[in-house]
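Dock chains B, C and D against chain A, hints included.
Protein chains in written order, with the UniProt record's numbering: chain A, 1 to 453; chain B, 1 to 453; chain C, 1 to 453; chain D, 1 to 453.
Derived by calculation from the structure, the hints in this document are not laboratory data. Beta carbons: idealized from backbone N, C-alpha and C, even for Gly. Some hints here could point you the wrong way.
As the list claims (entries may be wrong) - Covered stretches of chain C (in silico footprint by chain B; criterion: 3 or more residues with CB under 8 Å from a CB of chain B, positions within the stretch not fixed):
(1) 94-104
(2) 131-145
To be verified - Between beta-carbon pairs, the in silico distance windows are:
(3) D/69 x B/229: 49 to 55 Å
(4) B/46 x C/425: 41 to 47 Å
(5) B/229 x C/357: 48 to 54 Å
(6) C/223 x B/229: 54 to 60 Å
(7) D/386 x C/347: 41 to 47 Å
(8) C/347 x D/305: 22 to 28 Å
Protein chains: 4
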Amino acid sequence: MPFRDECGVFGICHQEEASRQTYLGLYALQHRGQEAAGICSGDPQGLHLHKAQGYVADVFTEAALDALPGDAAIGHTRYSTTGGNVASAAHPFLIHGRFGQVALCHNGNLTNTEVLRSRLIADGHTFTSPSDSEVLLALINRAQADSLEDAVVAALREAEGAYSLLILTEDALIAARDPRGFRPLAMGHMGATHAFSSETCAFDLVGAQYDRDVEPGEMVIVSRKSAEVRSRFPLPKVQAKPCVFEHIYFARPDSLVYGRSVMVARREMGRRLALRHPVEADLVVPVPDSGVSAALGYSEQSGIPFDFGIIRNHYVGRTFIEPKQTIRSFGVKVKLNPVRHLLAGQRVVLVDDSIVRGTTSKKIVQMVREAGAREVHMRIACPPTTHSCFYGIDTPKRQHLIASYMPLEAITAFVEADSLGYLDLADLEGCMGDDGTGFCYACFTGNYPVVPG
Amino acid sequence: MPFRDECGVFGICHQEEASRQTYLGLYALQHRGQEAAGICSGDPQGLHLHKAQGYVADVFTEAALDALPGDAAIGHTRYSTTGGNVASAAHPFLIHGRFGQVALCHNGNLTNTEVLRSRLIADGHTFTSPSDSEVLLALINRAQADSLEDAVVAALREAEGAYSLLILTEDALIAARDPRGFRPLAMGHMGATHAFSSETCAFDLVGAQYDRDVEPGEMVIVSRKSAEVRSRFPLPKVQAKPCVFEHIYFARPDSLVYGRSVMVARREMGRRLALRHPVEADLVVPVPDSGVSAALGYSEQSGIPFDFGIIRNHYVGRTFIEPKQTIRSFGVKVKLNPVRHLLAGQRVVLVDDSIVRGTTSKKIVQMVREAGAREVHMRIACPPTTHSCFYGIDTPKRQHLIASYMPLEAITAFVEADSLGYLDLADLEGCMGDDGTGFCYACFTGNYPVVPG
Amino acid sequence: MPFRDECGVFGICHQEEASRQTYLGLYALQHRGQEAAGICSGDPQGLHLHKAQGYVADVFTEAALDALPGDAAIGHTRYSTTGGNVASAAHPFLIHGRFGQVALCHNGNLTNTEVLRSRLIADGHTFTSPSDSEVLLALINRAQADSLEDAVVAALREAEGAYSLLILTEDALIAARDPRGFRPLAMGHMGATHAFSSETCAFDLVGAQYDRDVEPGEMVIVSRKSAEVRSRFPLPKVQAKPCVFEHIYFARPDSLVYGRSVMVARREMGRRLALRHPVEADLVVPVPDSGVSAALGYSEQSGIPFDFGIIRNHYVGRTFIEPKQTIRSFGVKVKLNPVRHLLAGQRVVLVDDSIVRGTTSKKIVQMVREAGAREVHMRIACPPTTHSCFYGIDTPKRQHLIASYMPLEAITAFVEADSLGYLDLADLEGCMGDDGTGFCYACFTGNYPVVPG
Amino acid sequence: MPFRDECGVFGICHQEEASRQTYLGLYALQHRGQEAAGICSGDPQGLHLHKAQGYVADVFTEAALDALPGDAAIGHTRYSTTGGNVASAAHPFLIHGRFGQVALCHNGNLTNTEVLRSRLIADGHTFTSPSDSEVLLALINRAQADSLEDAVVAALREAEGAYSLLILTEDALIAARDPRGFRPLAMGHMGATHAFSSETCAFDLVGAQYDRDVEPGEMVIVSRKSAEVRSRFPLPKVQAKPCVFEHIYFARPDSLVYGRSVMVARREMGRRLALRHPVEADLVVPVPDSGVSAALGYSEQSGIPFDFGIIRNHYVGRTFIEPKQTIRSFGVKVKLNPVRHLLAGQRVVLVDDSIVRGTTSKKIVQMVREAGAREVHMRIACPPTTHSCFYGIDTPKRQHLIASYMPLEAITAFVEADSLGYLDLADLEGCMGDDGTGFCYACFTGNYPVVPG
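Next up, chain A with everything else stripped away, as it sits in the complex (with noise of 0.2 Å):
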């Protein structure tokens, strides 16, 4: 629950209504990101955008998509991760350029934004943000080549880290993914149309059927001005390395992501969990939203009752006064309420994606021991979570994780559970159907796919 993701994108060409379309895509994709939001469209008569800060629903009024005009357009939205100028870093980032008006949004990191940057501002190159975006829309305009395409490539082919990128210019929608395909990006498409999200869940909404996923390392090419669609592979081949934790944590459970169900992974989790970590309990009570898939795998499994011990208040936005006398956790309290009626005397069997500072993790623990639950068994959905991430996801500082530096029974101790156990990485690996090999696990083994920066 206390990660944060930084961006979902959303793009789609030959579309009627393609900002509206969007604007329902990131609607969809609100869960990735919920301070900023901006969608980029276009028409023959160019490039237009449209971003700020805020909620999807908050940015975007009737007037502004209909400032939005045109048959293709690309969104975003997003987690800040700097602090400052917030406004600055919304995306989509559009230039003028040597290929005219190129429009870019981006999903993940690059980690090798600081090397690049200097090397561009050493050339002359100037920056608005701190954004590693903007670095991209600068390696793709002094690239040693005569079409856009072909600058792109040579961009990504010094981009290093994690990007699921949206490009729109005036004569293509273009997607791309890195080779390791950290972050996730599905096509699909409904008659002519062609769409492009991090999650399918957009689709849904805007009622496109999923196709296949951008693979990691390629490039699809849809022109704006025929029905021509283009595949390419223009970087070196490498072992693919998808973010385990989309399905861990990120994702909404209606989604595929790389192609399979987040739920039906989440479930599977929840019952390896109950196999390697069984617990003589009365109730397994999911900490909500995110703990629910594998609370009800663990159920299954282990054959003790599921109930929502813990109500979420779907009310709390972004503004909550608090009293000035502070309660105690009172954070935890606005958005989790234990049911006491049902906690009060029952050994309870927590289920929860992840741990990370341990903070949050405590407070709930005590809120469900004072709703009068007798004992309290913390099984976590995944492995401890020991390194931070430098693909795309807000993880504090390494020495904040709380597994970083904590045996088991010392975060059982803080954490004041009666028993603790996480998920076996082997049992993940099984989960997603992998060898060992498929998917990035690094948060939990520091093996890094690529150096960080």
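Leaving out everything else, chains B, C and D in the frame of chain A:
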């Protein structure tokens, strides 16, 4: 899902941060009304009011709460039922009259509003809105009584129908509940602080302990000047008839309503539904969020696995811009997304709390079927809704209630389900531990405890 | 400059776009009150109200005006005088009572509000605000009368003090002015449309022609159902005493007030001031904007050149963030800037409309002197303001009026002027063509035409 | 009246409250642009930017100013000339580049923007907006120079046209003015604080003393790290050509522009106009506010009385809802109201600053005539405007300038005046104390000091 409750009320006394705690209380009651919110606080200078249309989080800013000083407050969150000038109908209502300043907020509907209002108008009174709360205040002000407290009693003797009231004066905070106890009203405390709330989930957030309900026909008077708390039963004793629909749909599952756990009651409804209407099926799927507990009970009783085959997007707010070329079933799809990979090829038991007009159910069944379900068996956790409510729930007129004019088979065909089963009234009574006399079941039976006006 | 008038009213009948024309009318009357604005319109469905705090341009959107249909409307723009809950005191007030829906808005202050209000409260009436307009509506509603029109007459017979009223009912638009005619109220027409306004500048904007004033003590009833327009004089005849300060300060210079040009009157005040208080000087400088016309008259009469030695910044709005280290005289400087190049070394005649507390005048004199003026001779286009107004002008309490407790020499010293001259009362009468009986001069004389409450 | 200037700039250094003082400065310069505003401040952590569309008072809140810490700041207020994405064109522009962070804001237009921009794009640079300020920043960043200061010099050597620039870096605040000095730029101080402003009225508000203008072709470098202030003249010396229109229309009358009083110049224009185009008349009436000073001069010279025969409503803001049935000349009437009682039967000399398209003048003449004027003699305080401006004033294309295609008689007929007189060019020179070489008169003569791009 398609019902709308009209209000939630919260009040607090002998609390340094009365208005801030009331804000929290309303936050927890937000599900009971999202159109308008208001708080009236009292300090030695008098009463202070702030109310406006919108969500609790939008209506109140730090500045607004700072302008509501004092150690007593009452608040209200509202679902507007009358069209037109919504602004003038937000609660609390504050008057300057015979007894100084008096503020009132109200959950429920009087059934003799028009008679009382006409009489008061004939007597020279004026009103600024169509609200029955203004009628109550007028009755109080014009009562043949020397004290405010006696005036309230006199007014309540004239009022018929449903009311859970909170009244704030310069001297007291008064809570009152109609003799049938149609709408809930709980009381609790923390230290010397007394609190009242439509549901106990608000007590959980502010850290108050639930003590008991304000009884049907009871009036509780908390002195603002002393520690005195008095209880009176000034109205003729009748058989209490609290609204069973609070347990079926309105209340938050983590609340106690009428002293019973809502979640426990709902789970039992699901269990009994499984006994009464078993079916061969592969998956029990709730219509989220209101069908979840009953679906868990159905699954538990039937042994058919439970899963979230439909995912709700909680980011859907008040404003949503639809595409111009309306997509089929769009209104349902923006909130609910079927999980194709769970549903494909399955025989699904779809559990919802109730059916009103039938049109939403039809869209959901279609959606589930389009997602690949082989069979869709609809199970409804209450009896057929055949009659309108006159006690505070915004049901459509009787002729729009599908169960009032269609037999079961026709409804089954209309919603395009393979089978349809409602909870039996006797089973519902059983779930509530009732012998058939202890709750209002009028929306299922037409046996109105108080003659509608 | 430092006075604040409380209101402007505008009404119109038999006009297809009644609420939009009223919006324009209020726009033109914005100088009479900037705290709140409201319009009530009537169509066959009833009366429709929209009012809020803020400027006319902010309170009304296209959508708000579209929600005010009908061919009759009344509107109000207000300067709040009471602190606290400003929102509840915006006009018009709309009630549902004996005569159906009745809306009222009001310029002026009743002097027996407290007596009436106490009596009405004792009789069982309630109020939602401290406004005397609510008292008028209550009197109307409770009058011993069979028709709304007679009820208005009965109410006005009880009301004392100042009122220029507009009342909208389902049947009529009624305009009424108190027997002294303290506050202005003009009537006009365009084709079949009848219009009423505090000042004629609003007629100019909507394209109506000024016909005459509603007379002191007159009631004009415009039928909404027919072309009938009737005039009544139902109140005891007394000597009219219209407020002379409208001509000195409040009214827009392009208005006719009491049938006379405000600008012409002010110029004449300046001329007589020059005759009464001549001085050797180089330049006549007005305090903009209220001193401009009198300064022109002074210049014309004296032959001393006129120029804008002080420039007003018209962009100064409601919110202005002051520097933390307050600059001396900042509050005056942000609005008024002295023109150094005109003032340096000059002997300046500084003309303002009036002096209230003296503090602002002192700052302006200092500012002019710091800009290099060698001498500053202050000339005030009215007599010393020694008494508070009880008829609708927001003057400070008597003890704060500098002229009530300081002789001329002391005021001259206090404001740091080289000389100070006020217009003589006899001269003021002369400017108004008055024999001393035709206007209210109470703020200069203490001779109150109606005993203050 | 119908011209729009594009910008005002203000900068300050060695000032504890730099951003708040800049806010004040922009407030005083609001008349130079009302579409957007921005401030960039610098503290030891770097540069901080806030800019948005809207009035200065709306763009900046306390919170926004608190987020602009530091002892140096530059700010800008803007009149948008390009349609489309106005948001991206607000100033200041802030880049991260070779010289670290550099912010720039700019009054004036480059004439070789397109050439420079194309070259920079060919060289691999990219732009986020069409603004010529971005071109300047790119030139600076790519200059063959080792220091920021030399890079600015190199950039200015390439830029042609009009610019009064303020540049903020981590080390310095730099002010620069193009060699012709087309646009004004004043410098002043208060204690150790240095300030720059388009007009001196901003100095008056912040309490700074005007010292002198930044000279045409001069660059003033204020060190942020020391008390050093240096002046350079790095550009080829040419005949200065400051814009005479600042004195005719743009500047606030209380400002010194090019070291001369705007108000004094305007009054002199009126005097010379009266000498050149005398007429038998009863009243001199300005078109407010821009014609006021000239009208005073005309009156003084001619002996014909001056009065405000037209009153301006200063509450007219950005949004104004017009009636659906458009009233004739409504656009003019909502701002300007003729004073019937002054004008009726009179022979009026109507003084305005300039005529652009002629349509507004025509409406004003009609309005004055409808108000009863017997004769309307129009007098314009500048020569006929026959050519477009390319140096920072938003004039229409030449073919829309009525004086470019109509002789005087035809214009007289078009605006329906009884006579029409323009100020002679030689007289204008005289008013400015010029021998005909010292100002840019291109809009009257077509003699462009710099060839338009």
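How the hints compare with the structure:
1. 94-104: holds (count 5)
2. 131-145: holds (count 4)
3. D/69 x B/229: 49 to 55 Å: About 53 Å separates the Cβ atoms of residue 69 of chain D and residue 229 of chain B, which means 49 to 55 Å holds.
4. B/46 x C/425: 41 to 47 Å: 42 Å, holds
5. B/229 x C/357: 48 to 54 Å: 51 Å, holds
6. C/223 x B/229: 54 to 60 Å: Given about 58 Å between the Cβ atoms, the range holds.
7. D/386 x C/347: 41 to 47 Å: 44 Å, holds
8. C/347 x D/305: 22 to 28 Å: 23 Å, holds
Hint check: no violations occur; every hint is consistent with the structure.
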